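Chemist: Each chain, written out:
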Amino acid sequence: MINKTVRDMAEAMQGIADGATVLVGGFGSVGQPDALIDGLIEQGAKDLTVVANNAGNGRVGLARLMELGRVRRIICSFPRSAGSVVFEELYKAGKIELEIVPQGTLAERMRAAGAGVPAFYTPTGYGTLLAEGKPTAEFNGKPCVLEHALPGDVALVQAHKADRWGNLTYRRSGRNFNPVMAMAAAITIAQVDMVEPLGTLDPEEVVTPGIFVDRVLLHPVA
Amino acid sequence: MINKTVRDMAEAMQGIADGATVLVGGFGSVGQPDALIDGLIEQGAKDLTVVANNAGNGRVGLARLMELGRVRRIICSFPRSAGSVVFEELYKAGKIELEIVPQGTLAERMRAAGAGVPAFYTPTGYGTLLAEGKPTAEFNGKPCVLEHALPGDVALVQAHKADRWGNLTYRRSGRNFNPVMAMAAAITIAQVDMVEPLGTLDPEEVVTPGIFVDRVLLHPVA
Amino acid sequence: MSETSFTPLSRKDMARRVAQDIPEGWYVNLGIGIPTLVADFVPAEREVVFHSENGVLGMGPAPAPDDADPWLINAGKQQVTLLRGGAYVHHADSFAMIRGGHLDLCVLGAFEVAENGDIANWATSANDTAPAVGGAMDLAAGAKRLWVVMEHTTKEGHPKLVRRCGYPLTAMRAVRRVYTNLAVLDVTEQGFAVVDMAPGLSFDDLQARTDAPLRKA
Amino acid sequence: MSETSFTPLSRKDMARRVAQDIPEGWYVNLGIGIPTLVADFVPAEREVVFHSENGVLGMGPAPAPDDADPWLINAGKQQVTLLRGGAYVHHADSFAMIRGGHLDLCVLGAFEVAENGDIANWATSANDTAPAVGGAMDLAAGAKRLWVVMEHTTKEGHPKLVRRCGYPLTAMRAVRRVYTNLAVLDVTEQGFAVVDMAPGLSFDDLQARTDAPLRKA
Chain A
48 MINKTVRDMA EAMQGIADGA TVLVGGFGSV GQPDALIDGL IEQGAKDLTV
98 VANNAGNGRV GLARLMELGR VRRIICSFPR SAGSVVFEEL YKAGKIELEI
148 VPQGTLAERM RAAGAGVPAF YTPTGYGTLL AEGKPTAEFN GKPCVLEHAL
198 PGDVALVQAH KADRWGNLTY RRSGRNFNPV MAMAAAITIA QVDMVEPLGT
248 LDPEEVVTPG IFVDRVLLHP VA
Chain B
48 MINKTVRDMA EAMQGIADGA TVLVGGFGSV GQPDALIDGL IEQGAKDLTV
98 VANNAGNGRV GLARLMELGR VRRIICSFPR SAGSVVFEEL YKAGKIELEI
148 VPQGTLAERM RAAGAGVPAF YTPTGYGTLL AEGKPTAEFN GKPCVLEHAL
198 PGDVALVQAH KADRWGNLTY RRSGRNFNPV MAMAAAITIA QVDMVEPLGT
248 LDPEEVVTPG IFVDRVLLHP VA
Chain C
242 MSETSFTPLS RKDMARRVAQ DIPEGWYVNL GIGIPTLVAD FVPAEREVVF
292 HSENGVLGMG PAPAPDDADP WLINAGKQQV TLLRGGAYVH HADSFAMIRG
342 GHLDLCVLGA FEVAENGDIA NWATSANDTA PAVGGAMDLA AGAKRLWVVM
392 EHTTKEGHPK LVRRCGYPLT AMRAVRRVYT NLAVLDVTEQ GFAVVDMAPG
442 LSFDDLQART DAPLRKA
Chain D
242 MSETSFTPLS RKDMARRVAQ DIPEGWYVNL GIGIPTLVAD FVPAEREVVF
292 HSENGVLGMG PAPAPDDADP WLINAGKQQV TLLRGGAYVH HADSFAMIRG
342 GHLDLCVLGA FEVAENGDIA NWATSANDTA PAVGGAMDLA AGAKRLWVVM
392 EHTTKEGHPK LVRRCGYPLT AMRAVRRVYT NLAVLDVTEQ GFAVVDMAPG
442 LSFDDLQART DAPLRKA
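Residue numbers (my numbering), protein chains in the order written: chain A, 48 to 269; chain B, 48 to 269; chain C, 242 to 458; chain D, 242 to 458.
In short, the hints are calculated from the structure, not lab data. Incorrect hints may have been included.
To be verified - Cβ-Cβ distance ranges computed for the label pairs, FRET-style:
hint, chain 1, residue 1, chain 2, residue 2, range
1, A, R120, C, K318, 38 to 44 Å
2, C, G266, A, R106, 43 to 49 Å
3, D, D437, B, P190, 31 to 37 Å
4, B, E58, A, R106, 57 to 63 Å
5, D, K396, A, D94, 56 to 62 Å
What the hints assert, rightly or not - Dumping the calculated DSS-like pairs for lysine-lysine here, alpha-carbon to alpha-carbon at most 25 Å:
hint, chain 1, residue 1, chain 2, residue 2
6, A, K208, C, K318
7, A, K181, B, K93
8, A, K189, C, K385
9, A, K181, B, K181
10, B, K208, D, K396
11, C, K253, C, K318
Note that the structure is predicted; figures quoted are calculated from it, not measured. Think of the CB as a built atom: it goes at the ideal place given N, C-alpha and C, for glycine as much as any other residue.
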């Protein structure tokens, strides 16, 4: 019997190695896999590359992981926000590397990784600092930049309902980067509000089919 | 008030010009916009490029459109099948051009057109007849072919439920190419089983958001 | 140069002026700041579909405090609502809408707009090594048309409509129209063309506050 | 060369032999022909998730005649069912599963397999100007592993396991394992390695029916 649900956080975090690239879902606090991030803090992997839209807020979650010196490099679209104090300290001190990627390019690079597209052209960013050094080409008169797929070793995602095959649905704007990251990683770990019996999720409504999901951790909303 | 539902076939077919590239949804007979194809036959546009998975069956629908000499070129993955008699006659007589595209590349090229990606690399087809003359590059040791976006002037799609904003859901394997083609065309025309009041479709279940749809023609299943 | 007496538009008036030009049926993405206010000034009977980068299409206004839904925010991380007819999509699909040219309009704020349509709105200097770009480059390059709404000059009085951007670019040749507290200007092949001016403002007054040469539309 | 007495596997036996090697939990796409039969021989208690190119994941067997659903077909256009836990996706997402390396296995038929793993299964000659490729190239290039199941020789007795493919290629260096009516062979850096042979068949008999040189695994 296929059963992707895991018993506890230790099982969820198994095998995340030092040096791993970790994709972290969520936009703002919505759809963020908070429990899994805390699990990763506990688990101990270091020298990580984190891919997320933001560079953490306050001193918890992703910010805490960075503060502990476990993140070597962050790839994101919006590093500096009101609460990104930890990132800014580390960045000024030269203790964390940063790659800024336009938000749509970030999503598309991960989707490409999930879809077996190693590289693609986009007009986004052409002629800007973020395209410096990248190959360019013109299509129908539009100058474009070549962008590469961005695969993860691990994706940490948050979803609403799941079943034991790993099918996932999301809640409203909690969807955001989660389905894209789930496609893009070698190991996808989902923190979910509910685990339903197999066959309960409407096959027309599944957003992330189980083929993209490896582990499901039940973590009901408080 | 936004109202994308059209009163009749004539309104649905308005403005399809000679020389247009027409994307036609469906896989086998499932999810095929039969009524719209008949409408296009009636409407009269010629010198068309048709993009579809197959090259028609029997002497109706797409095959009929070809038999009438209205299709200059067909782009598909599976031209020759048990019932593709019309295509084969025309092809042997040099009266229709053919571009064969691997099925996944076909889908991805249209998705790329819809997503603003003018070109992308893929390992599919590398070293085969279908990649001859195409630029190649190697990524992580994997040789790849450069494929271009395939946009349509018009997409004819079949869907299950719609609303007046053009949101669409599909029925089981009737989904197939339809959502991808809906994204990829300048004008997307949907033939639907039902038109529901706005707000009836669950926003979590909409597969093709109305932004990709221009016209909705109610055509209940017989 | 003599100064006439005029009344610059308030932030709300600027938003109202933009809203006035958005026809029914358009799909529109609004940036953070003044652009966000635009939605408030589209008449209720005129259906305009607002898009948010984080996968919300058909976004409605802020919820009543009792109805707030923590799972539904916009790209500015503010709580919003979903209109009837709205839909949720994931980030790649959301940016497919943007990058695939499906949005009729994007309205952004900016630090500078150049007469060739270049826009700078994400980094205030090349030395700012960790600026936040978000979806600005995707929106500027991808939407069918890009309008900018911003103050005509900086707080220090420096022109923001310039011959050539000094700040790092967000996109090249992207802006179609600029709405400021002093004027509405089209970006044309021949540079900025003045469509509209604040009541009482003269063309010369406007030119005096603008780096790039202006012409009448 | 002396001929021993042996029994070639039937089409069903070949499908059964393939099914035997598919472990629980794999995501598998089966091509048209003998590959399609493989699903029938996976024991009911062993959960294997079958994928069909037209956007069906978790495909079940053909429906009872009374239960036939015209809206649910597989890539071979045959009516099928959906298992509990199945899901529908569109064509680009379906091929993302294939091309993104998410399928553990694809089983295809072939005209020829070469000792370096090249496969030819879509066109019988370069002069056939309208061959139908379908999803074969995507599957061959994209799945984590590609197995081929086919007769060991053509009806005319010509070998199909060859030094180099004569027919137009579907993909280069893609095949991992070949199941024929005479043997199971791994594609290795050193060419075909025989894993298993039909009862009564000798290595020399097998080599005699094979163009490429064989070695024992």
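Chemist: Confirm or reject each hint.
Modeler: Structure-based check of each hint:
| no. | hint | in the structure |
| --- | --- | --- |
| 1 | R120/A to K318/C: 38 to 44 Å | 24 Å, violated |
| 2 | G266/C to R106/A: 43 to 49 Å | 46 Å, holds |
| 3 | D437/D to P190/B: 31 to 37 Å | 32 Å, holds |
| 4 | E58/B to R106/A: 57 to 63 Å | 60 Å, holds |
| 5 | K396/D to D94/A: 56 to 62 Å | 59 Å, holds |
| 6 | K208/A to K318/C | 24 Å, holds |
| 7 | K181/A to K93/B | 43 Å, violated |
| 8 | K189/A to K385/C | 14 Å, holds |
| 9 | K181/A to K181/B | 21 Å, holds |
| 10 | K208/B to K396/D | 50 Å, violated |
| 11 | K253/C to K318/C | 21 Å, holds |
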